[in-house]
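Enquirer: The primary structure of each chain is shown beneath.
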Amino acid sequence: MLDIDEGRGDYFMAESASRDDRAAASAEATRIPAPILPFLIGFDMPAAVDSSDQYQRLAEFYYELRNSIIPEGGAQEYVFAAVVRNAASAPPGERRIQSLAGALENWARGGGSPIPSDIFDAAYYSELAGQDFEDERAALSHWLQKGLGERVVPTRTFDAEFYVAANPDLSAWSNWIFLHYVYHGRPEGRLPSPAYASAREAESGEADRAGTEAGPDSRGEEAWAPVLSAPMVSRLLGYAPVDRIEAAVVERMSRAFDGSARRLGLRTEIERHLLAGILGQLFGQGETGERAEVVLAILEAWGEGGRTPDLLPLFDPAYYAEAAGIAFEGPDAAFGHWLREGVGKRIVPTPFFDPDFYAGRNPDLAGWQDWIFLHYASHGFREGRPPDCFVNPSWIRMRYATGSVSPLQFYLAEEAAGRPVQPAPNVGPFRRAGSSGELLTLRDFLILRRKRGLFPFGPDSELQAEIRKAAAIEPRIKVVDQARLFTLKPFDSPLYPYLTAVQQRVGEADILVYRDSVTFGGVDRVLLFTLRYLEQKYPEARIKVVSFGPVDSRQFTRHHLRTEFVALDALVGNAEATVRRELAFDSALGSGAHTIVNMNCGPLWDAIQIYGRRLTERARLFAFMFCDDRDVFGNVDGYPTRYALDCLPFLNKIFVDSYYLRDTLRARFGDSSFLRSRLSVFRTPFDFRLRELGAPRPAPSNEGPVVAWAGRLDRQKRPDLLAAIAQLMPEATFHVWGEPVLDRLDLRLSSLANVRMMGLFDDLSEVMALAPDAFLYTSEWDGIPTILLMAMMHDVPIVASAAGGVPEVLPETSLVRGLEDVPEYVARLRAAFEAPEPLLEAQAGKRDQLRNLHNFDVFSWAVEAI
Amino acid sequence: MGGGGISVVVTAHREGTLLLPTFQSAKVSAEALARRSEVPVEFVISLDRPDAETQAVAASLPGRLTTCDAGDPGANRLHAVAAARHDFIAFLDGDDLWSSNWLCKAWDLMQVIEPGHRETCMLHPEYNLIFGAHSMLVRQGDPEDPFFDLTYLRSGNYWDALSFCHRRIYEEFPFLPNDPANGIAHEDFHLSCVTVLNGVEHLLVPGTVHFKRRRGDSVSVKAEERSARPRFTELNFYGFYGRSGKAAGA
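Those protein sequence lines, which keep their order, are chains A and R.
Note that the first sequence covers residues 103 to 968 in this note's numbering.
Note that the second sequence covers residues 9 to 258 in this note's numbering.
Just so you know, not all the hints are guaranteed correct.
25 Å max Cα-Cα, derived SDA-like pairs, lysine to any residue [unchecked claim]:
1. 553/A x 51/R
2. 571/A x 189/R
3. 580/A x 214/R
4. 571/A x 47/R
5. 755/A x 51/R
6. 571/A x 182/R
7. 580/A x 152/R
8. 248/A x 268/A
9. 553/A x 117/R
10. 571/A x 75/R
11. 553/A x 47/R
12. 35/R x 576/A
13. 447/A x 272/A
14. 35/R x 897/A
15. 639/A x 116/R
16. 35/R x 51/R
17. 447/A x 69/R
18. 35/R x 75/R
19. 35/R x 64/R
20. 553/A x 215/R
21. 248/A x 340/A
22. 755/A x 734/A
23. 571/A x 116/R
24. 580/A x 534/A
25. 553/A x 427/A
26. 248/A x 215/R
27. 580/A x 143/R
28. 447/A x 425/A
29. 755/A x 948/A
30. 755/A x 570/A
31. 35/R x 570/A
Output of the computed footprint for chain A on chain R, the stretches with three or more beta carbons under 8 Å from beta carbons of chain A [said to hold, decoys possible]:
32. 65-71
33. 175-181
To be clear, the hints were calculated from the coordinates, so they are not data collected in a lab.
From the three backbone atoms N, C-alpha and C, an ideal C-beta is built for every residue, glycine too.
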């Protein structure tokens, strides 16, 4: 998002301004003004594309070629760009950029021209001009500066008479018809001449050598005949060749189309073309075969008396009825009336299209003499051109990965499903004002925009006149700027749509505890005792737990807590990290809470990191920290690593769950009184009464001693160590419990003859119910693992890596000090099989110590600062 | 002071020659007003710790020059208000531009407001056009919009400082100084909140636009501002919406 207000006030939107600033600075540094590139690559790529390497590469070679071919620039530039555009046929998007950049680079570096010969044939043009040109660039330069003005068709492939006859919808095209082919016809797959197919075949080899993509699909002589024999079907499929569709399907489509046309009361060929164009645009997405199926199904259902297909956003029956001032009997009546009469009266039948914006945004349409809406309905929709300043199909496609669905139809479907989406960068989703805060549809918003006359783009509007006047004083103000974005308050803020809903859910509170999610994990155990402590200490306080992820509060319900749990996951699940951070700040402040506790909540950590000082104006801040984590490269990562240093000044206290973490932080920041005053070690209360093991298992004679291993099969828990140990201990059987995460390791483990994958477990007592001979723990890094505390509640010898806080809860006899020392694990396990008593005695002694530490009184004392 | 005239206040710091088109746009706007009305208009150029180039450019312009050593945009504006001789203040930042119709239309709108109410109305351009390093057309907040929502003031500012209003508003609700070291900035945002809370009516002047220059050289400044917030007001707290029933419009 851009910082639209010089950084004043819209601090939230300023978040990614630095990236945009960098992109702008980069563009400036490389001196590549690129206003025409959107036209080249498919209109309105998102701003992020501007800074991509491929985009810069495209800009570099495009302008290098342009400067050598039309050094003076001027009006020919758009024609040049349109010619160049035909060098790639990939749909708008990254592939198109890449393809075009490759073709232009090859050309600029002395390779052959990537311009298809049905657009510009240098040899042929040389004959026409009667000159020998130095190379293809010189020939093209001559044509652009001379031949173009004289309307010399620079290719023998294009047959103007054939083209006009084959495309009756172009009867209103008053500009040079060859330019229609260059700008639109070729990208749309329209045929330039009956002889086109053989010409295409001849040039395909050249195109390959030039490193470019072929143009429209090559078609044999037999291919274009069906196009002409079934023009409406072809048009329904976006001018696709119909030769690959079964003749019976083509016939059915023709019949169904005729039925629809009759039903709408259409009489003229132009009306039928318009109908086919609109239906083809709306329902003709995807591969040809898929398109045929979809269109046929819609037409046949319609013809059989089914309901009129949803024609939004190209035709809106209710909107048209109001515009025409007629109450129609149904959508069919409205649509037929518009095709027969509304078109003639130039009534725009949809709020999604702003004629003034569209005309101003697309200078290449200056030659379009017909009604501008017809361009959009026939071409612009499929080309992804924005129909309105607040509707940007290309951006929607990139932002939401819409796949083969048209971006606008995707938007409308998401909106109908109640999922907030944005129709263009920097604007929306729209919400109504007020406590309900429900979504305002894009349609309703656009109607409102028209009624209130917002964002007038007409050349006679006062706003446009004032922009022109200001540009006369400061020419850096562009009158026409294809890169310009549009927004209005309050819909410029990505945060705004969530504010009311979060406010309603969180409400006012005295104490807020934030979590990423609430489940049954070790942190939630700490949460449980923290809430119990807070409820006892502050009996009158309104205490709430705010979770950005799912909440499963069943275990809390059992404890009869009065704390309220607020789950925001359904509301903000898809929100960007910056939005979640702002919502954490807004709720922490807005609730009026005097005490804020962060118990592993990323969005609140982000908020404290940035706005911590401001939060301390109103509340006391506390945080619980557990062990660090590792990233995929093995670097130390996690909340303590990311946030402890930055947030330390704002936190009254950080409660850490182990001396290990306390010492880690001291090692990082020094053992200053500042740090000491802010760190406190707590112990999670635990009931260390010994649990009974299950009945002795029915031991298969060949199973031998059993080792239980339980935990997530992920990198932290080192199942690879477990596998190595199991390999060295064929005499033992390993019961491995837990959710598989790493497929390869799962495979390796399960392939070992003495390993049994036991699946998930809800509680360690399930694991211990099988009365294993030892419990093995191989974690690489850790805090105080709850699972080991639970294991200590059973009379089973434990062998564990001495990671993190593990030595604080296990006796030395259970610890393997060298993490990778596989023989040592093996030796310890075998010793445990042979003589378990010494280990069990040491564990019992440790258990007695832990009883004195891990209880609610000690916990309350440790967190009493809250 | 008094007389119902307009003091055009151009505030600057280190804008250098950018002041020239800025002042030119103000002059064009004032000339348009002069062709229709005899309301007196003065130009006040208020510099806050200016560099030599800005000082030299400002001295060459036909406005009354005043200088302060505040290092704070709000304080500079207040300094200029104190120096201004007329009742109505129209602010313009030293690198931005006005549309030529700004003063005319703002003045016209002020004239249709009941005299007793004019001291409690702040007028804003309908649009801001961001140009330079970015390009965006932004419509500011219109309390007449059915989607106008005070809640928004928790996420962004509806109106910037380039408003047109009676000087008493600034005297009664002065800009408070920023305090970047303590994460406090956006003095104009704070003023929006304070004035809304105190019953000042904010109005958009239809068809007007301010042109706001975005320079690419202010990334470091932005980084500081990004981690700052305006001073808190009642609007920040959920309790306000429950108590006042002002969840939606003003």
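Enquirer: Does each hint fit the structure? Answer for all of them.
Expert: Going through the hints against the structure:
1. 553/A x 51/R: violated, 38 Å
2. 571/A x 189/R: The given pair, whose Cα atoms are some 41 Å apart, is violated under the 25 Å limit.
3. 580/A x 214/R: holds, 21 Å
4. 571/A x 47/R: holds, 23 Å
5. 755/A x 51/R: violated, 55 Å
6. 571/A x 182/R: violated, 34 Å
7. 580/A x 152/R: Violated, at about 30 Å.
8. 248/A x 268/A: Roughly 29 Å between the alpha carbons, so the hint for residue 248/A and residue 268/A is violated.
9. 553/A x 117/R: Answer holds: residue 553/A to residue 117/R is near 21 Å, not above 25 Å.
10. 571/A x 75/R: violated, 31 Å
11. 553/A x 47/R: It is violated: about 34 Å lies between the C-alpha atoms, which goes past 25 Å.
12. 35/R x 576/A: Roughly 14 Å between the alpha carbons, so the hint for residue 35/R and residue 576/A holds.
13. 447/A x 272/A: holds, 19 Å
14. 35/R x 897/A: Given pair residue 35/R, residue 897/A is violated - Cα atoms ~90 Å apart, limit 25 Å.
15. 639/A x 116/R: Not OK: residue 639/A and residue 116/R at ~62 Å, beyond 25 Å, violated.
16. 35/R x 51/R: OK: residue 35/R and residue 51/R at ~9 Å, within 25 Å.
17. 447/A x 69/R: violated, 54 Å
18. 35/R x 75/R: holds, 21 Å
19. 35/R x 64/R: Judged against 25 Å, a Cα distance of about 19 Å means the pair holds.
20. 553/A x 215/R: holds, 15 Å
21. 248/A x 340/A: Not satisfied, since the Cα-Cα distance of roughly 34 Å exceeds 25 Å.
22. 755/A x 734/A: violated, 30 Å
23. 571/A x 116/R: holds, 20 Å
24. 580/A x 534/A: The given pair, whose Cα atoms are some 33 Å apart, is violated under the 25 Å limit.
25. 553/A x 427/A: Given that 25 Å is the threshold and the Cα spacing comes to 16 Å, the pair holds.
26. 248/A x 215/R: violated, 44 Å
27. 580/A x 143/R: The hint holds at about 9 Å.
28. 447/A x 425/A: OK: residue 447/A and residue 425/A at ~11 Å, within 25 Å.
29. 755/A x 948/A: At roughly 29 Å apart (the allowed maximum being 25 Å), residue 948/A and residue 755/A break the hint.
30. 755/A x 570/A: The hint is violated at about 59 Å.
31. 35/R x 570/A: OK: residue 35/R and residue 570/A at ~17 Å, within 25 Å.
32. 65-71: violated (count 0)
33. 175-181: With 0 residues closer than 8 Å to chain A, the region 175-181 of chain R misses the three-residue bar; violated.
The structure fails hints 1, 2, 5, 6, 7, 8, 10, 11, 14, 15, 17, 21, 22, 24, 26, 29, 30, 32, 33 (numbered hints given earlier, in ascending order).
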